[in-house]
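From the two separate chains plus the hints, produce the assembled complex.
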Amino acid sequence: QQQVKQSPQSLIVQKGGISIINCAYENTAFDYFPWYQQFPGKGPALLIAIRPDVSEKKEGRFTISFNKSAKQFSLHIMDSQPGDSATYFCAATEGAQKLVFGQGTRLTINP
Amino acid sequence: GAVVSQHPSRVICKSGTSVKIECRSLDFQATTMFWYRQFPKQSLMLMATSNEGSKATYEQGVEKDKFLINHASLTLSTLTVTSAHPEDSSFYICSARDGKTQYFGPGTRLLVL
Chain Y
1 QQQVKQSPQS
11 LIVQKGGISI
21 INCAYENTAF
31 DYFPWYQQFP
41 GKGPALLIAI
51 RPDVSEKKEG
61 RFTISFNKSA
71 KQFSLHIMDS
81 QPGDSATYFC
91 AATEGAQKLV
101 FGQGTRLTIN
111 P
Chain G
1 GAVVSQHPSR
11 VICKSGTSVK
21 IECRSLDFQA
31 TTMFWYRQFP
41 KQSLMLMATS
51 NEGSKATYEQ
61 GVEKDKFLIN
71 HASLTLSTLT
81 VTSAHPEDSS
91 FYICSARDGK
101 TQYFGPGTRL
111 LVL
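The listed protein sequences derive, respectively, from chains Y and G.
Just so you know, we're using this note's numbering here: the first sequence kicks off at 1 and counts up by one.
Just so you know, we're using this note's numbering here: the second sequence kicks off at 1 and counts up by one.
Extracted from the complex, chain G is given alone in its bound form (with noise of 0.2 Å):
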């Protein structure tokens, strides 16, 4: 299958700086990326859709300010979390779309102290 990836796979950071994670499709060129976020014992919640070359479209209840989503290239989307704090720590994972199938990147454990 399609690969993604992500970097970095871990990240510690204090708190108000910002960290960027970046995705990326490796053998596959992908108009959508998405971003999720991801709570011990929970299911995926869905972040926001990234679309190359517009705006990214976020899901209610998250702040568009706060988690910055660029999506440059058919290969490459970046979330940038901004003025971190410690309630944003948390597992972020991507996926891009091939077709009608969404493949996910291994993940980012972001901690914020």
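The shape of chain Y in the complex, shown without the other chains (with noise of 0.2 Å):
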């Protein structure tokens, strides 16, 4: 009940296209959804992050969409750059508990 499920594993892209990484939760009590961006040798990077209480939530080029009744979420980067390409990890949380992790996205954006 604990995990975060993270789809797809690896993801390939083309320059200017939407890149679309899903995740889904079991645990109804997490109440607060982080998305991270890593690039190799570095740590994590908070990228976006929504509360349930909201759809939808956009930075820039990121965009969140959540689904309560679904218990799901999923991010949008849309216009993907080659800089773009790197990990991506969901992640959830309950109250002032540690972070559920999603299994991670390889996000490749070709020229």
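In short, the hints are calculated from the structure, not lab data.
Some hints could be false.
[Said to hold, decoys possible] Pairwise CB distance ranges, derived in the manner of DEER restraints: (1) Y/Lys15 - G/Lys14: 43 to 51 Å; (2) Y/Phe39 - G/Ser73: 23 to 31 Å; (3) Y/Pro8 - G/Gly53: 41 to 49 Å.
[As the list claims (entries may be wrong)] Okay, derived cross-link-like pairs now, DSBU-like style, lysine-lysine, Cα gap no bigger than 30 Å in a straight line: (4) Y/Lys57 - Y/Lys5; (5) Y/Lys57 - Y/Lys42; (6) G/Lys66 - Y/Lys58; (7) Y/Lys57 - Y/Lys98; (8) G/Lys41 - Y/Lys98; (9) Y/Lys5 - G/Lys100; (10) G/Lys66 - Y/Lys98; (11) G/Lys41 - Y/Lys15.
[Unchecked claim] A short, non-exhaustive set of chain G residues, derived as facing chain Y with CB atoms under 10 Å: (12) Tyr36; (13) Arg37; (14) Leu44; (15) Thr101; (16) Tyr103; (17) Arg109.
Every residue, glycine too, gets a C-beta built ideally from N, C-alpha and C.
See the structure below:
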């Protein structure tokens, strides 16, 4: 019940396209859902986060869509660029508890 | 966003020696810090939760006598890998919590020869 399932495991998108990464969870007590971006050899960097009382949050080219009833949330990267090539992790947490991470998605943007 | 630093960024040591990794929150105070280990092409594995002024909480399967954690101040937590062996070689990442958000350090690459 503490798992967060992330898909796809890897994704290749053409430059200018839309990248979509999906996550699903079971624990309805989760109340904070961040996305992290990680480049090789670096620590994860917070990209964008959402709370369950909001269905969508947009920051620049990055949008989180949240479906509370389906217990799913997704990251959309608009106008994907080669510099977006990285590994993306979704996560969830309840209250002040530890983060539960998805398995990660390796995104490659072809020029 | 908030900044978390780690030192060193890379360390090579001989088998049997101990290595200390520092994690600092630079522009905020963190009562809670976390230590993760990451294997190539895998997700982050939480090792322990470090609370300022109290003992760390270790995840199941993590040897507390091997991975010593100290959180002596609101901006500093340290992880000491004692009697390191080649199987301890990995990428170690810390994070510090500010409110509900965790900010991660840049990671420390440990190679034990």
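Evaluation of the provided hints:
At roughly 46 Å, the beta-carbon separation of Y/Lys15 and G/Lys14 lies within the given 43 to 51 Å, and the hint holds. For the hinted restraint 23 to 31 Å between Y/Phe39 and G/Ser73, the CB-CB distance of approximately 30 Å keeps it satisfied. Checked against the given bound of 41 to 49 Å, the beta carbons of Y/Pro8 and G/Gly53, roughly 43 Å apart, stay inside it. For the hint pairing Y/Lys57 with Y/Lys5, the CA-to-CA distance comes to about 21 Å; that is within 30 Å, so the pair holds.
A threshold of 30 Å between alpha carbons decides the hint, and for Y/Lys57 with Y/Lys42 the separation of about 26 Å falls inside it, so the pair holds. The suggested pairing of G/Lys66 with Y/Lys58 is violated, with an alpha-carbon distance near 43 Å, which exceeds 30 Å. At most 30 Å may separate the alpha-carbon atoms for a hinted pair to count; Y/Lys57 and Y/Lys98 meet this at roughly 23 Å. Taking the CA atoms of G/Lys41 and Y/Lys98, the gap is about 21 Å. The hint holds against a cut of 30 Å.
Of the pairs offered as hints, the one joining Y/Lys5 and G/Lys100 holds, with about 21 Å between alpha carbons and a cut-off of 30 Å not exceeded. This hinted pair checks out: G/Lys66 and Y/Lys98 have alpha carbons roughly 22 Å apart, not beyond 30 Å. Proximity of G/Lys41 to Y/Lys15 is assessed by CA-CA distance (about 23 Å); at most 30 Å being required, the pair is judged to hold. Checking G/Tyr36 against chain Y by beta carbon gives a least distance of about 9 Å; that is within 10 Å, so the hint holds.
A hinted interface residue such as G/Arg37 counts as satisfied when its beta carbon comes closer than 10 Å to some beta carbon of chain Y; here the least separation is about 12 Å, so the hint is violated. Among the interface hints, the one on G/Leu44 holds; its C-beta lies about 5 Å from the nearest C-beta in chain Y, closer than the 10 Å criterion. Restraint check, G/Thr101 versus chain Y: the minimum CB separation of about 6 Å is within 10 Å; hint holds. Annotation: interface hint on G/Tyr103 holds; nearest CB of chain Y at approximately 6 Å, less than 10 Å.
Hint status for G/Arg109 relative to chain Y: holds, with the closest Cβ pair at about 7 Å, below 10 Å.
The structure fails to meet hints 6, 13 from the earlier list, while all remaining hints are met.
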